[in-house]
Amino acid sequence: MYKKNLVFIAACAGLAFFGVTMLALGLILDKLNDGANALPSTLSIGIILGTILFGPVVDKFGYKWLLIVGALLALAGIEGLANFSEMTMLHASTFMLGFGGGILNGETNALVAEIYDDSSRGTRLSILGAFYCIGALLWTLLNYFIADYKIPLHCVSAVMAAFIAMFFVMKFPKAKPQGSVSLKKSVGLLKYPTLILFAVILFFQSGFEGISGSFTVQFLENMHKTPHDMATLSMTFFIIGMLIGRIPLGAIMKKLNDSATLYLYLSIAVLGVALLYFTHDITLIYLSTALIGFGVGATYPVVFNYLGGTFKELSGTAFSIAIFIALLGQFTFNKVVGIFFDKSQFGYFPIALAVAVVMMMIIMPIAKGKLKIKN
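1 is the number of the first residue of the sequence shown in our numbering; add one for each residue after it.
Calculated from the structure, these hints are not laboratory results. Keep in mind it's a predicted model, so treat the numbers as computed, not measured. Incorrect hints may have been included.
Stated by the list, open to error - Calculated cross-link-like contacts (lysine-lysine; reagent style DSSO-like; alpha-carbon spacing at most 27 Å):
(1) Lys-312 <-> Lys-368
(2) Lys-31 <-> Lys-150
(3) Lys-312 <-> Lys-225
(4) Lys-370 <-> Lys-255
(5) Lys-312 <-> Lys-3
(6) Lys-191 <-> Lys-3
(7) Lys-312 <-> Lys-60
(8) Lys-368 <-> Lys-254
(9) Lys-312 <-> Lys-4
(10) Lys-370 <-> Lys-171
(11) Lys-254 <-> Lys-312
(12) Lys-171 <-> Lys-60
(13) Lys-343 <-> Lys-31
(14) Lys-368 <-> Lys-191
(15) Lys-60 <-> Lys-4
(16) Lys-3 <-> Lys-60
Stated by the list, open to error - Simulated DEER-style distance windows between Cβ atoms:
(17) Val-358 <-> Lys-174: 38 to 48 Å
(18) Ala-175 <-> Leu-141: 37 to 47 Å
(19) Asp-117 <-> Tyr-144: 35 to 45 Å
(20) Lys-191 <-> Thr-279: 38 to 48 Å
(21) Phe-278 <-> Asp-117: 38 to 48 Å
(22) Phe-61 <-> Asp-118: 37 to 47 Å
(23) Phe-168 <-> Ala-274: 47 to 57 Å
(24) Ala-251 <-> Ser-344: 40 to 50 Å
(25) Asp-229 <-> Asn-257: 38 to 48 Å
(26) Ala-161 <-> Ile-366: 26 to 36 Å
(27) Met-89 <-> Ile-151: 11 to 21 Å
(28) Val-159 <-> Trp-65: 18 to 28 Å
(29) Leu-284 <-> Ala-175: 14 to 24 Å
(30) Asp-229 <-> Val-358: 26 to 36 Å
Every residue, glycine too, gets a C-beta built ideally from N, C-alpha and C.
Construct the complete structure from the given sequences, taking the supplied hints into account.
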């Protein structure tokens, strides 16, 4: 029998590693070879494929071994970024990092959604989401204080290796009863508008987070002429804002309904994007990135809480479908913004952020209107 608290710790560690995955390139992109602006798209492809894989596999075979595989792939990708300079190998390393990260992201959220009931699922998902921020925050701080980007990569690898050893000896929840798992039932989830609409919300959320992690530093350097070290530090404030937003999220979700909570947070994100666009003052830039991070911190926990309660029988596959659609957003936004940046059209960056937030606010009431359970 598995120990729930220990499994929760393992899930938090896995999502912390995904936090590193999402911001790994944004802070070191300018230190890699020419052509590195194409790497975020490779990362997105890897994450998408890992996301497609994890759901059906964990529903059929359980969580343990795929969690280990995902962590090992991410570890190999991190070490590849630290040790290779040739672009083909950097793309291969980035793909492995994304593929492993995609597995870790989907599996850890599905795992927590499964082991907790409706009364505590939202709170636990909020705490889990905070560990995404902790992983990303530690990564940004390491890169801020250590000039050689290879050293932080090796540090992350050492911590990951220790947790992987722990995963090997732990017990995890067993696979779903095989009578409830079939290809027909899995594909049948696509007919539910609820799942698709919530996934579209995550499409824009993931696109928002993807370009924030990959291009904020370059935007500040080119549009506001912010020195590199100060621009890099802005990502720390983004993650601190998200962490501060997620810590009280469970309590806020209990006092407000989930959709009202999401609107409150996204309104703060809009304020942060507007401030980022107009200000050149470094203090206000840091405030803007903190507000943006705070504002988008609620989206994944709120949406996963809805989906975890609605699709309990095939929760892994439902999360897989939702995150797959979500990460198409990351790929799309990274690709489009990367093209603009290659043409030195940096002013489109905050516009893309604003479009993502506004679209989430528009789609949320439509998605909730299709929900067949009470919130």
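Evaluated hints:
The hinted pair formed by Lys-312 and Lys-368 meets the criterion: a straight-line CA distance of about 18 Å does not exceed 27 Å. Proposed proximity of Lys-31 and Lys-150 is supported: the alpha carbons are some 10 Å apart, at most 27 Å. Annotation: proposed proximity of Lys-312 to Lys-225 is violated, straight-line Cα distance about 50 Å (limit 27 Å). Between Lys-370 and Lys-255 the CA atoms are separated by roughly 23 Å; this keeps the pair inside 27 Å, and the hint holds.
Our distance criterion of 27 Å between C-alpha atoms is met by Lys-312 and Lys-3, whose separation comes to about 20 Å. Between Lys-191 and Lys-3 the alpha-carbon distance is near 35 Å, which puts this suggested pair outside the 27 Å criterion. The suggested pairing of Lys-312 with Lys-60 holds, with an alpha-carbon distance near 14 Å, which does not exceed 27 Å. For the given pair, Lys-368 sits about 17 Å from Lys-254 by alpha-carbon distance, which is consistent with the 27 Å threshold.
Between the alpha carbons of Lys-312 and Lys-4 the distance comes to roughly 18 Å, so the proposed pair stays at or under 27 Å and holds. At most 27 Å may separate the alpha-carbon atoms for a hinted pair to count; Lys-370 and Lys-171 exceed this at roughly 37 Å. A C-alpha spacing of about 21 Å is found between Lys-254 and Lys-312, which places the hinted pair at or below 27 Å, so the restraint holds. At most 27 Å may separate the alpha-carbon atoms for a hinted pair to count; Lys-171 and Lys-60 meet this at roughly 16 Å.
Between the alpha carbons of Lys-343 and Lys-31 the distance comes to roughly 20 Å, so the proposed pair stays at or under 27 Å and holds. Pair hint Lys-368 plus Lys-191 holds up; C-alpha atoms about 16 Å apart against a cutoff of 27 Å. Proximity of Lys-60 to Lys-4 is assessed by CA-CA distance (about 20 Å); at most 27 Å being required, the pair is judged to hold. Of the pairs offered as hints, the one joining Lys-3 and Lys-60 holds, with about 21 Å between alpha carbons and a cut-off of 27 Å not exceeded.
Take Val-358 and Lys-174: their Cβ atoms lie about 43 Å apart, and the range 38 to 48 Å holds. Our hint of 37 to 47 Å for Ala-175 and Leu-141 holds, since their Cβ atoms are close to 38 Å apart. At about 40 Å, the CB distance of Asp-117 to Tyr-144 agrees with the hint of 35 to 45 Å. For the pair Lys-191 and Thr-279, the beta carbons lie near 46 Å from each other, so the given range of 38 to 48 Å is met.
One distance hint, 38 to 48 Å for the beta-carbon pair Phe-278 and Asp-117, holds here, with the actual separation near 46 Å. Roughly 26 Å separates the CB atoms of Phe-61 and Asp-118, a value that falls outside the hinted 37 to 47 Å. Separated by about 48 Å at the C-beta atoms, Phe-168 and Ala-274 satisfy the suggested range of 47 to 57 Å. Between Ala-251 and Ser-344 the CB atoms are about 45 Å apart, so this pair conforms to the stated range of 40 to 50 Å.
Checking the proposed 38 to 48 Å range against Asp-229 and Asn-257 shows it holds: the Cβ atoms sit about 42 Å from each other. Restraint check, Ala-161 to Ile-366: a C-beta distance of roughly 45 Å breaks the suggested window 26 to 36 Å. Checked against the hint of 11 to 21 Å, the C-beta distance between Met-89 and Ile-151 comes to roughly 20 Å, which is consistent with it. A beta carbon spacing of about 21 Å between Val-159 and Trp-65 agrees with the range 18 to 28 Å that was offered as a hint.
One distance hint, 14 to 24 Å for the beta-carbon pair Leu-284 and Ala-175, is violated here, with the actual separation near 51 Å. At about 32 Å, the CB distance of Asp-229 to Val-358 agrees with the hint of 26 to 36 Å.
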